[in-house]
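Sequences are here, hints too, so could you generate the full structure?
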Amino acid sequence: MTYQYSPIKSIGKRSYAPLTITTGTPADSIAEAKYIFLKDYSETYAAKWDLTRDPGALNPNWSYGGTERKINMSFTLGARNVAESKHNLAYCAKLIKKTYLNYLEESTRVVGTGAGQVGIPNLFGVNPDVLSVNFGNLIQDTDVYLTKFNFEADFEAGFFTYDDTAIDNWPMATPPPAGAAPNPWPTIGSRGLAQDERWNRDHEGHDAYISEQGYVFHGKKGKVYPRSINVQIEMHAILGSSVTGEPASPLGFGGKSRGGSTVSKGWSLNNDRDWPHGTGPIDAAKYCQPNIVAPSSPNDDSDESDNVGERSSSLRSSIGR
Amino acid sequence: MADTRPPPEGPEIREIYTDSLNGIGNPAMAEKLGAILSFTHIGTGHVVKFPAAILSFTDSHDAALSKKYGWGSAEPTVDMTQNSTRKISFTFAVASASIEEARYNAQSINLLICMMYSALDARNTPSINGSRINIKGMNFIQDIYGEGVDAFITTLVYKPDLENGLITSKRTSSSPEMYPTIIKFSIEAEVLIRAIASAAQNLPDSYPNYGGSGQ
Numbered sequence: 001m002t003y004q005y006s007p008i009k010s011i012g013k014r015s016y017a018p019l020t021i022t023t024g025t026p027a028d029s030i031a032e033a034k035y036i037f038l039k040d041y042s043e044t045y046a047a048k049w050d051l052t053r054d055p056g057a058l059n060p061n062w063s064y065g066g067t068e069r070k071i072n073m074s075f076t077l078g079a080r081n082v083a084e085s086k087h088n089l090a091y092c093a094k095l096i097k098k099t100y101l102n103y104l105e106e107s108t109r110v111v112g113t114g115a116g117q118v119g120i121p122n123l124f125g126v127n128p129d130v131l132s133v134n135f136g137n138l139i140q141d142t143d144v145y146l147t148k149f150n151f152e153a154d155f156e157a158g159f160f161t162y163d164d165t166a167i168d169n170w171p172m173a174t175p176p177p178a179g180a181a182p183n184p185w186p187t188i189g190s191r192g193l194a195q196d197e198r199w200n201r202d203h204e205g206h207d208a209y210i211s212e213q214g215y216v217f218h219g220k221k222g223k224v225y226p227r228s229i230n231v232q233i234e235m236h237a238i239l240g241s242s243v244t245g246e247p248a249s250p251l252g253f254g255g256k257s258r259g260g261s262t263v264s265k266g267w268s269l270n271n272d273r274d275w276p277h278g279t280g281p282i283d284a285a286k287y288c289q290p291n292i293v294a295p296s297s298p299n300d301d302s303d304e305s306d307n308v309g310e311r312s313s314s315l316r317s318s319i320g321r
Numbered sequence: 001m002a003d004t005r006p007p008p009e010g011p012e013i014r015e016i017y018t019d020s021l022n023g024i025g026n027p028a029m030a031e032k033l034g035a036i037l038s039f040t041h042i043g044t045g046h047v048v049k050f051p052a053a054i055l056s057f058t059d060s061h062d063a064a065l066s067k068k069y070g071w072g073s074a075e076p077t078v079d080m081t082q083n084s085t086r087k088i089s090f091t092f093a094v095a096s097a098s099i100e101e102a103r104y105n106a107q108s109i110n111l112l113i114c115m116m117y118s119a120l121d122a123r124n125t126p127s128i129n130g131s132r133i134n135i136k137g138m139n140f141i142q143d144i145y146g147e148g149v150d151a152f153i154t155t156l157v158y159k160p161d162l163e164n165g166l167i168t169s170k171r172t173s174s175s176p177e178m179y180p181t182i183i184k185f186s187i188e189a190e191v192l193i194r195a196i197a198s199a200a201q202n203l204p205d206s207y208p209n210y211g212g213s214g215q
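Protein chains in written order, with the working numbering: chain A, 1 to 321; chain B, 1 to 215.
If you are wondering where the hints come from, they were derived from the structure by calculation, not from laboratory data. All residues carry an ideal CB built from backbone N, CA and C; glycine is no exception. Any given hint might turn out to be false.
Stated by the list, open to error - Below, computed lysine to any residue pairings styled on SDA-like, alpha-carbon distance capped at 25 angstroms: (1) A:K94 with A:Y5; (2) A:K70 with A:P250; (3) A:K70 with B:F57; (4) B:K68 with A:P55; (5) A:K13 with B:I99; (6) B:K159 with A:P55.
Unchecked claim - Some chain B residues close to chain A (C-beta under 7 angstroms, calculated; not the full set): (7) E12; (8) N83; (9) T168.
So, in structure tokens, the structure goes:
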């Protein structure tokens, strides 16, 4: 998990789900789990109906063309110190790239007209990366394309700024830890540089040389780090899950994964899991329960409701989450 | 030990949550008043019901005219009414007062969302009924016979009201649970009009059936 101010992290661990976005394989996590301040959330299900009317007809002729799912989220990334702000910026940068194609081909494009035409180098892309998103029971290992990312620095919240105030006693503010060299610090410097140095020696939050709340200036002249960033993302969900291995088969009732039975009213994923939102330790709804009866493990001595409750977590742990 | 649960062949009928607050909660009040919003998936017969906490309702009837423009005429000549369409849009809220109610409501909401998809045949081809849903909601959303209206829901928006907070579990499992206390749904649909032409070749007096005087 990426660095986050420890009180927020510990509250999150107790009660909330982190937002986890990966490229599908656990080893290639592009944006690690992060507790966010959710401001807005919505899911839109749009069914494509082609409704045409014969002249004068009371009711239309209809044709169904599938349903698409979009997820919109707005959240705030707050920063309590310079390090967290830098992590937030890196987090946004990683995700913003995913709204673009993979530009693997170099060619030229022509600009101008007539004799003034010139070819200038240009990049050409192919499909953007598929991301897998998990956000507690609201988004369960769903594969998506990231179709929008709005980055907005909250100017009212302010910034962590460069500070070149000369200080000569900063090494004395906190004595070196036991066993350290008598004076591992430079004897003079700027407050910003000093705080950078202390934080780097602390390896993020050990609190020996500088507290998490104390790292509020930095030594990089010309840079500002926002205390708060407002993010809005829009995702287009696609079929299948690269995390759970769920096949990209159509969503609906019945179908092939229900044994091709035309009378099955069961949900097509047939994985004993509520969809789209998880419901904790209770049994999956009847239509989501599997119609292929499989023996459970002989070592499984837990009761059924607990067993069902751990469905998604055991799945995630098996792939290293 | 084998899983002995029966295969899910029959339609799911999800009633509103009835265990809340000893009969004084939102569902109990809805039950008492008969204020129930019901959705039936035509392709499977699955039914899900919610307390009809309707926040907004619009019923729009639009006539598309076939017009002819001619040189020298001040305005177009209307040949005939090409078609009329009826579109409804409404917003309703689903509230939960306990983790148990939130989990129950989450499953009901899941079923409503699943209804936005079609029944599939053995080749995964969508049924001709697609995601057609019959909606019944008191006297606003009903046909001339007092039954629900068949609707082509084009958009369903699931939007938690985050200002009212989330219900979270005590983290009994490693999978965190977060349930919005209030979830708002916005639905836009074009509806089929169920009517038999009368001798006067007009829609019956009971259309649209809002339950007004004489209807």
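A quick look at each hint next to the structure:
1. A:K94 with A:Y5: Given pair K94 (chain A), Y5 (chain A) holds - Cα atoms ~20 angstroms apart, limit 25 angstroms.
2. A:K70 with A:P250: holds (16 angstroms)
3. A:K70 with B:F57: Holds, at about 24 angstroms.
4. B:K68 with A:P55: The given pair, whose Cα atoms are some 15 angstroms apart, holds under the 25 angstroms limit.
5. A:K13 with B:I99: It holds: about 19 angstroms lies between the C-alpha atoms, which stays within 25 angstroms.
6. B:K159 with A:P55: The given pair, whose Cα atoms are some 38 angstroms apart, is violated under the 25 angstroms limit.
7. E12: holds (5 angstroms)
8. N83: With a closest approach of 4 angstroms, the N83 (chain B) hint holds.
9. T168: With a minimum Cβ separation of about 5 angstroms from chain A (threshold 7 angstroms), the hint on T168 (chain B) holds.
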